[in-house]
Amino acid sequence: MTAELGLAALWLAAALAGLQLLAGALALTDRGAMLAGIVRPVAVVQGVLALVAFLALIAVFADTDLSVKLVAMNSHSLKPMIFKIAGAWGNHEGSMLLWVTVMGMAGGVVALIERRLPEPAMLATLAGQAFVSLGFYAFLLIASNPFERLSPVPEEGNGLNPLLQDLGLAFHPPTLYLGYVGLSVAFSFAIGALVTRQVGPAFARAMRPWVLGAWIFLTLGITAGSYWAYYELGWGGWWFWDPVENASLMPWLAATALLHSVSVLASRDALRAWTVMLGVVAFSMSMIGTFLVRSGILTSVHAFAVDPQRGSFILALLAINIGGALTLFALRAGTVSEGERFMPVSREGALVFNNVMLSAILGIVLFGTLYPLVAEAMGAKVSVGPPYFNPMGALFAVPMLVVLAVGPLLRWRRDRFSRVRRLLVIPAMLVGTGVIAMVALGGVALLPTLGFALALGLGWASVLPLKGRNLRRTPLPIWGMVVAHFGIAVSLLGMSCESAFSIEKLVAVKMGDATGVGPWQVKLDAVEPMAGPNWTALEARLLVRYGDHGKVMQLDPQSRSFWAPPQQTSESALLTRWNGQLYAVLGGEADDGRWQLRLWWKPFVPLIWLGGLLIALGGVLALFGRVASDLRRIFAREKIAYRRGRIAQLESSRE
Amino acid sequence: MKRLLPAFLLMLGPCTATPALAQQEKSTAAFAYRQLDDAAKEQEARALMETLRCLQCQGQSIADSDAPIAGSMRSLVRERIAAGEKPEAIRAWLIERYGDYVSYAPQFTRLTWPLFAIPLVLVGLAALLLRGRFRRGGGR
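Residue numbers (full-length UniProt numbering), protein chains in the order written: chain A, 1 to 655; chain B, 1 to 140.
If you're looking for bench data, these hints aren't it; they were derived computationally from the structure.
Heads up, some of the hints might be wrong.
Each computed EDC-like pair below joins lysine to aspartate or glutamate, with the alpha-carbon atoms no more than 16 Å apart [to be verified]:
#1 A:505 to A:539
#2 A:505 to B:42
#3 A:510 to A:528
#4 A:551 to A:539
#5 A:510 to A:638
#6 A:381 to B:100
#7 B:41 to A:504
#8 A:523 to A:548
#9 A:505 to A:528
#10 B:41 to B:79
#11 A:510 to A:592
#12 B:41 to B:85
#13 A:505 to B:38
#14 A:505 to B:96
#15 A:69 to A:155
#16 B:41 to B:96
#17 B:41 to B:88
#18 A:505 to B:44
#19 A:381 to B:85
#20 A:69 to A:114
#21 A:69 to A:156
Pair by pair, the computed Cβ-Cβ distance ranges are [unchecked claim]:
#22 B:86 to A:201: 55 to 65 Å
#23 A:428 to B:43: 26 to 36 Å
#24 B:43 to A:521: 40 to 50 Å
#25 A:510 to B:113: 17 to 27 Å
#26 A:435 to B:89: 29 to 39 Å
#27 B:108 to A:470: 15 to 25 Å
#28 B:113 to A:446: 51 to 61 Å
#29 A:338 to B:127: 40 to 50 Å
#30 A:536 to B:86: 28 to 38 Å
Computed from a predicted structure; not experimentally measured.
Even for Gly, the Cβ is constructed at its ideal location relative to N, Cα and C.
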């Protein structure tokens with residue numbers, strides 16, 4: 001019953017999206033103007049219905065209704081409740097339903113609260129949002145119905161991949177989806193602005209909170225995903241340039257560029273066409289990411305060709321949305337003027353330079369991710385991995401980081417480099433010191449050396465915009481910028497240190513024996529069996545000590561065996577100090593009774609994710625600042641209107 | 001291949017998550033889980049292993065994989081490095097045997113040249129874009 005309710009809600013939501021598109025488009029014409037009034041309410045109801053469908057899916061997962069095919073395929077009655085619920089979106093159909101739900105609700109929120117844009121631009125925006133949603137509704141209802149029933153009803157479900165039975169991962173996909181879908185709102189605003197020729201600061205101000213919000217979620221999603229891969233996969237790597245990771249990185253790169261350019265447009269009325277273009281590109285990257293992950297094409301081009309329905313569907317959506325948007329852009333680009341002008345040495349100039357660098361990195365990642373697919377289609381299998389992405393990305397990332405240190409110190413429109421030269425002496429010296437230190441250590445590769453040195457310089461330079469300001473009265477968006485840029489330096493420092501200083505030790509030890517990794521002494525004290533709700537495990541007790549006089553602490557890495565489905569995973573154990581992390585994994589038992597241990601000492605590695613969190617925090621500060629000033633403006637306007645009313649009242653009563 | 005589809009980041013993990021039966025057949029090759037005694041050679045081997053792709057799994061290097069074949073390949077790499085062979089020679093030998101797929105570092109060939117052309121194209125495009133922008137923008 002719940003499943004049918006969900007399906008009905010989904011169909012209704014799809015129908016309303018159709019209505020929203022038609023009404024929104026017709027309302028732009030003279031004869032359909034009377035339809036304008038229904039567009040906003042329809043958008044709200046559509047969002048609510050999509051939410052109802054999603055809640056229905058969660059409900060069938062929560063009580064493990066095995067007559068629903070999706071539940072039978074992906075769930076199991078013995079799973080802990082939190083993973084039953086998370087299982088609702090841990091699969092293809094559920095995650096696509098999550099996508100349309102978030103998209104519908106975002107459209108509803110836009111319809112409810114956004115009043116700054118001229119009404120025609122708003123109608124076009126909501127129609128655009130409905131157009132994109134409609135494609136995804138069709139995809140769900142035709143090619144991936146999450147509520148499909150199963151007969152006969154199986155006795156037990158298939159279970160969920162144990163790797164996914166992890167809190168971090170339960171909330172990782174929704175976070176990324178919130179980011180992807182936030183970019184769909186930015187896309188719709190861009191379409192609305194293009195259709196009605198309203199590309200200007202008002203459009204940028206309406207779009208900015210959505211871009212910021214989406215970017216925060218993408219940042220958090222990537223950070224969480226990277227940390228998950230780090231501790232869950234058990235080999236100490238934190239970024240693999242895997243296509244699935246790239247699928248989340250590409251929208252982030254585009255959103256980062258968009259975020260900066262939309263700010264320039266909002267406050268300086270420059271970069272009009274460029275901002276609209278980035279709005280289109282950012283959402284296109286979200287769709288390409290979804291296509292890559294959801295179509296199965298990454299497994300193999302041939303697997304895709306054997307069961308092409310889903311992949312072709314997304315590919316068609318991709319072609320229609322991106323192609324349509326680019327065509328519209330080409331038609332209207334001539335009428336969108338560039339806006340305000342500026343000199344190369346200026347805040348805008350630095351922003352444009354870094355926007356171009358970000359786009360170039362995006363180009364490298366996109367090409368490197370797609371090329372193996374192209375090559376496979378031509379009959380050859382090639383792999384593109386870290387040895388390609390690292391240096392090619394650095395080619396653009398290094399100049400970008402240099403400009404990132406200088407840019408925020410420059411004035412808008414026109415500046416002289418000599419004005420900021422004195423401020424940059426210390427960062428430049430830090431970079432020099434960093435390089436010398438790494439070279440003196442010896443054996444450190446070029447990229448970690450550069451990364452380390454630049455991180456030091458950027459860390460210092462990133463807080464310079466606060467110099468000479470009254471810290472209490474510094475606007476929140478400035479704090480946001482400083483914190484986010486500092487976060488980049490922190491993260492970069494973590495990456496460089498991990499890459500330059502990690503120490504690995506693979507050993508087989510007897511019970512009671514000790515070994516060492518870096519500054520740590522590690523003793524294998526015991527290996528004991530354990531049982532969890534749906535797994536059994538062997539758990540090692542490691543007694544570890546930092547240096548000769550450190551306190552003895554305990555680490556318990558596990559080797560787990562799940563039984564539904566039957567799989568083994570290694571649960572690494574981590575010990576974090578201020579200067580790094582000790583990482584321990586229990587391997588198998590050797591013939592002679594010794595146990596395999598994998599140990600790493602990774603100096604400063606947590607900075608990678610701490611930096612990621614700082615970057616997101618910077619976004620949150622900026623978002624708060626913007627929303628607060630928007631609200632203040634609205635209140636002020638209402639107050640003025642109220643006072644005018646009172647004055648008019650008094651005057652009329654006096655007469 | 002169904003196990004590859006269900007979730008977002010799953011592609012990262014198929015090798016550590018192979019079914020229990022396959023998992024128990026961990027590689028027994030001598031240097032699959034043992035480091036070389038010579039730290040410099042181990043580092044050299046490690047760097048090479050990180051750029052070789054596990055043939056069984058989707059997106060992991062042989063340095064990050066529990067698959068038996070990855071273990072055998074690690075052992076092979078360590079033994080050959082210990083015997084004094086150069087990393088690039090070992091890579092070439094592996095490519096000859098398993099195809100380009102095994103190396104994460106694409107080689108420059110008739111098929112892969114666009115990978116190396118694209119950064120140049122991007123540098124050119126970036127320069128063009130910036131020049132156009134600033135020339136027009138700087139006019140005033």
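Each hint, compared with the structure:
no. : hint                       : in the structure
1   : A:505 to A:539             : violated, 19 Å
2   : A:505 to B:42              : holds, 10 Å
3   : A:510 to A:528             : holds, 14 Å
4   : A:551 to A:539             : violated, 22 Å
5   : A:510 to A:638             : violated, 76 Å
6   : A:381 to B:100             : holds, 6 Å
7   : B:41 to A:504              : holds, 13 Å
8   : A:523 to A:548             : holds, 13 Å
9   : A:505 to A:528             : violated, 23 Å
10  : B:41 to B:79               : holds, 10 Å
11  : A:510 to A:592             : holds, 9 Å
12  : B:41 to B:85               : holds, 10 Å
13  : A:505 to B:38              : holds, 13 Å
14  : A:505 to B:96              : violated, 31 Å
15  : A:69 to A:155              : holds, 12 Å
16  : B:41 to B:96               : violated, 23 Å
17  : B:41 to B:88               : holds, 14 Å
18  : A:505 to B:44              : holds, 15 Å
19  : A:381 to B:85              : violated, 26 Å
20  : A:69 to A:114              : violated, 40 Å
21  : A:69 to A:156              : holds, 11 Å
22  : B:86 to A:201: 55 to 65 Å  : holds, 60 Å
23  : A:428 to B:43: 26 to 36 Å  : holds, 32 Å
24  : B:43 to A:521: 40 to 50 Å  : violated, 22 Å
25  : A:510 to B:113: 17 to 27 Å : violated, 54 Å
26  : A:435 to B:89: 29 to 39 Å  : holds, 32 Å
27  : B:108 to A:470: 15 to 25 Å : violated, 57 Å
28  : B:113 to A:446: 51 to 61 Å : violated, 24 Å
29  : A:338 to B:127: 40 to 50 Å : violated, 19 Å
30  : A:536 to B:86: 28 to 38 Å  : violated, 46 Å
Violated hints for the displayed structure, listed by number in ascending order: 1, 4, 5, 9, 14, 16, 19, 20, 24, 25, 27, 28, 29 and 30.
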